Amino acid sequence: MLGLAPDAASAKAGGKVAEPAKWGDAGCDGEAVWGECQGSGKSAYRACAELAEPAFRCSCPSRKFPCKHVLGLLLLWSDGAVGAGARPEWVREWLEQRRQRAEKAQEKKAVTAAKVKDPKTAEARERQVAAGVADLDQWLRDQVAHGLAQAEKAPYRLWDDAARRLVDAKAGALAGQVRSLAAVPRQPGWPGRLLEEYALLRLLVTAYGRDDLPGPLRETVRARIGFTQGQDEVLAEGQRVRDRWCVIGSRDTAQDQLTTRRVWLRARSGRPALVLSFGAPGRPLDASLVVGTELDAELAFYPGAQPLRALVAERYGQAVPGVPDGTSVQGFLDEHAAAVAADPWLDRLPAVLEQVRLARDEQGLWAVDGDEQSLPLRLADPWRLLAVSGGQPVTLAGEWTRQGLRALAAWHADEGAVIL
Amino acid sequence: MNAWNEHVSAALLGTERRPAPRLPEAPAEDGDAAGRLLDQAAVLAVRRRAGLRPPRCAAGPIAPAPPEELPVVPAPAAARLARILAGEQIRVLPEWLDAAAAHGYRVPARLLPDLLEKGRSDRMLRPSIARSAGRRGVWLALQNTDWAYLVGAGDDPGGGEEVWQTGTRNQRVAYLSALRGSDPAKAREALKETWSKEPAPDRTAFLATFAQGLSPDDEEFLEAALEDRGKDVRQLASDLLARLPGSAYGRRMAIRARACLRAESRPVVTSTARNRRQTWILVEPPHAHDEDLARDGVPFHPSGSFAPGARAGGPVGTRAAWLREILARTPLSTWTDLFGLPPMEIVCLPVADAADTDGRSTRDVHIGWARAALGQRDVPWARALLKGGVMVDEPEALADLLAVLPADERDTAAAGLIRWVEGQPELLRVLERVPGPWRGELADAVVAVLTAAADRPTHRHEHTLLQLGRLADQSLAPEAAPRLEALAHRLDPASAAAPVLADLIETLRFRSDMIKELSL
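Chains as they are written, first to last, in full-length UniProt numbering: chain A, 1 to 420; chain B, 1 to 520.
Keep in mind that the hints were calculated from the coordinates and are not lab data. Incorrect hints may appear among the rest.
[As the list claims (entries may be wrong)] In the DSSO-like style, the derived pairs of lysine-lysine whose C-alpha atoms are separated by at most 27 Å in a straight line are:
(1) Lys64/A <-> Lys22/A
(2) Lys16/A <-> Lys118/B
(3) Lys12/A <-> Lys64/A
(4) Lys516/B <-> Lys12/A
[As the list claims (entries may be wrong)] Some chain B residues close to chain A (C-beta under 8 Å, calculated; not the full set):
(5) Gly14
(6) Thr15
(7) Arg49
(8) Pro54
As the structure is a prediction and not an experimental result, all values here were calculated from the model. A virtual CB, placed ideally from N, CA and C, is assigned to each residue, including glycine.
Please take these sequences and the hints and turn them into a complete structure.
Laid out in structure tokens, this is it:
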């Protein structure tokens, strides 16, 4: 429950508020929980939470969200200290308002979707991007013609300038990839890495120029160049998959005044999915998917040759605790090979390894499966994973990147789901 | 050189200087060399990534932790521990750990790293961690040198007799102290064998285990240790001998003590009682310090002989300090034999200085006895000193004596002491020395002090309340919370006492919930 807290201080304060004595008229039903908390002010604060999403509301002036009252209320509720009861008027009103707002948003979406995009604007953008991509192609060839050796001493400006021209050309995703390359020549083994990155960029540039690609691959290429798709479009047209989805890991990264939360899912059928959410630093991110739970839901996938990114379109019932099904190391490598074959630019894929034990050498921690196959792990702090495993086999979930498997969560018979 | 490496070296030099290698599957038409190099590299790179074979780990899997004997704490207790470790009410951590261990639980594995990290910077926490971390805790500590303190820190050093030969100092101390509990003679023999080869700090640590199972059989060994090269070893040996009943050391001290204290019968000078006589204790502190006294653990400058006395005015002085040390090391049976009276009556006897009568010697005698009662764990003497109404200006020394009393007398005696010092600055120093949880009469006395302080809005009472609140929140039994709530309810919410009481009540409630969760 405390995973919902926006920061540690709120979690702490929430714990303090979770005293049955502080609450009056608390109650719950299948959809919501509510109560009135005596705060420092004259009138009691009215806090309530809708359990399905979850969504919160409190009449206190705190700018934290959810505030300590809501957290305290939910803690009480999860301890079973809130009895069932009939909704008071203010809770009914709020839920009604939410429903109306959701309906309005639906209508609005329908209106926007109905608005046909101006073909002239789109055409102009295509021209701009095409010019930028051609420019990048020339830049890439220049780098290789003059030799990569100069990159070792080159200032960051070399990549920044190229990236800025791509931003001007409205190829944002491509610009981000180029900018991130500036760090490569500072790493060991950089010549191979840099050539690999340049080669894959050239592949992307070439692919963009071709109009005989299959539809999904064409979408993958366009997404990696910087053509974005609106959520409404994805919800309306994206491929829908209903399954039981296990939430296997979540990771927040902050860059350029934007925090990105990557939540990885894995279906009982073995299909992976990625739900992204964004927020300004310090603002709460979407907390509706909780690691270690399983939910029956329909996901709408963004189009692509190896569709990963998705939106939760429809939920069926509440999330329950669930252990994901995993694979062996070889099983994961096969999945990875198939995914790279479909999308050669793929840089991340979720992995769930079953029955792996941990090994340690000078380089760090490894996950070793029953067939003695191993994968290197990347963990800032290996101790929690070590402590939970106790040298015994665990189910381990993480995000596979070229540097190794970043472990995100582990499941153990005694300990349950543990976020790493 | 494989195809990929050829491409990398060509790219490093630049296609202007070195022609790009050609892959057999590349199309024949020849564009620019740089473009072709990149295209071919893309084919190879995707091939390499799809056919990835991760490197093999050189080491085998980590050996599994030994199976646990104790169950993990119930889920609500685990959730609370996570909150405590995150910083909420962090001061209750030792109590949580001890309560969990007392109820036969262990800490959940996922919280062990945070817990062991806390023990790294806080030595006082380590015994509690050792009791509650389970076998997984030791297993984890073996993987991280930062947490090595836990290895061998518990009651069970692990391993058999070879630990004594090969273990770390901590492990060897744990082994020896376990052996002192079951077979003191065997432990003594084991130590004797290696004694001359151990460095002085180790000798001190090992000798300290003799506090367990101390018996006259140890006397010979301890007497020999009085000649040790290590100063700490000598001091420890003399302290242990002073606790040993019927020893030669005790007889030596008794001779010195009886030279300082003697009984004298004096007539009672009142108008009503004629011919009645009263026993006085006449005190004459030692005039000189000698080698033998130093050998028996009384240094020329005993600790505290220069410390300014709190209210007695100035330092104690070396002669008085020698007297205190000698009395502290003399068997208390010396005095019951000398005066032929029970301890309760002895402590009430009037004391006079043989040379002059400034009354200072009364303090010295009583403090000496109090230290002796503490060292020799003598219940009748401790009871007498606490109840006798003597030593009124040494409440801290009395508070130390509470530990000697049987558990069922402690609360009442402590409550008496609290009422005695209420309103004085010593109150807090006395309470600091009374271990929690404070229950029964003691809790009543503390609540009464809190009530009195809360009702008086002077600056001094506010200060007392604040300090007392900080002590009471960890030591007062949580059952006192409802009474404090009633007090807080009655109080003006704007008064300075209100937030202090609110914090205190909150902590008590937190501890109460914590104990309930662990008693499931």
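(message) When the structure is checked against the list of hints, which entries are broken? Sort them ascending.
(response) none
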